[in-house]
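Kindly generate the complete structure, drawing on both the sequences and the hints.
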Amino acid sequence: MTIALRRRLLAEFTGTALLVTAVVGSGIMATTLSPNDVGLQLLENSIATAFALGALILIFGPVSGAHFNPVVSAADWFLGRRAGTGLTARDLGGYVVAQVLGAIAGSVLANLMFDLAAVGFSGKDRAAGHLWLGEVVATAGLILLIFALARSGRAPVAPAAVGGYIGAAYWFTSSTSFANPAVTIGRAFTDTFAGIAPTSVPGFVVAQLVGLAVGVGLLAALYPDAGKAADQVVVPTDDRNPALDHRP
973 MTIALRRRLL AEFTGTALLV TAVVGSGIMA TTLSPNDVGL QLLENSIATA FALGALILIF
1033 GPVSGAHFNP VVSAADWFLG RRAGTGLTAR DLGGYVVAQV LGAIAGSVLA NLMFDLAAVG
1093 FSGKDRAAGH LWLGEVVATA GLILLIFALA RSGRAPVAPA AVGGYIGAAY WFTSSTSFAN
1153 PAVTIGRAFT DTFAGIAPTS VPGFVVAQLV GLAVGVGLLA ALYPDAGKAA DQVVVPTDDR
1213 NPALDHRP
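If you're matching positions, the sequence shown starts at 973 in the working numbering and goes up one per residue.
Everything labelled a hint here was simulated from the structure, so no lab data went into it. Backbone N, C-alpha and C define an ideal beta-carbon position, used for all residues, glycine too. Take the hints with a grain of salt, since some may be wrong.
[Stated by the list, open to error] What follows is a set of in silico ranges between Cβ atoms, one per label pair, in the way DEER data are often shown:
no. : residue 1 : residue 2 : range
1   : Ala1090   : Leu1005   : 22 to 28 Å
2   : Gly1101   : Gly1011   : 20 to 26 Å
3   : Gly1136   : Ala1185   : 21 to 27 Å
4   : Phe1086   : Gly1136   : 34 to 40 Å
5   : Arg979    : Gly1136   : 25 to 31 Å
6   : Leu977    : Pro1170   : 27 to 33 Å
7   : Asp1009   : Leu1190   : 32 to 38 Å
8   : Val1182   : Arg979    : 28 to 34 Å
9   : Arg1062   : Gly1011   : 41 to 47 Å
10  : Phe1086   : Ala1185   : 35 to 41 Å
11  : Ile1019   : Gly1101   : 27 to 33 Å
In structure tokens form, the structure reads like this:
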């Protein structure tokens, strides 16, 4: 038996919300503590995000896989559909909705924690070709990392590896590595350090979908049977452990 979908959707909603809360909240704190040093602000933001992401994967991975990201869920469905592994189309739809709603809720929560208006749409324009290229690189690399770990039987190290990759990609990509359509949408709801103008969101999401296609294409070349491990993405849902309650 598998973990009930409602439990997995709750995990994806809550995990994505807390991830965006960490991204936005640490950005607000960074600008408060280091108001005159953007480099230090980014360092503080990236470290907090990397650690929070690793911790959230550990918390929610055994329930939903801790995708927190529509492109990861889409890749899981696409690669696993022929092998009969990974998410079903119904699961995918539920995951995407839960992730997007969670991301919006995370921005609202961060705004409220720092005594800001619950919703303040960002005015930070991020629409430029070099930023979109950065998103393609960040997203493709994330897909490669996650599925390479799953295919090689190293999914248990995903919390450290994925957190480390995103933390590093803050620095080596021009876009500061959103790499996540849900998080991109959520970050439009805060006019703070981590925000993105709503008009810039479509370009980022398109670039992330291109990155998804590039990542899947590279996986097909490097790991032709990666779909067989789709059940292990990001962290396997431990539906074989009798100590867990798997009743629907």
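Which of the listed hints are broken here? Those not satisfied come down to hint 4.
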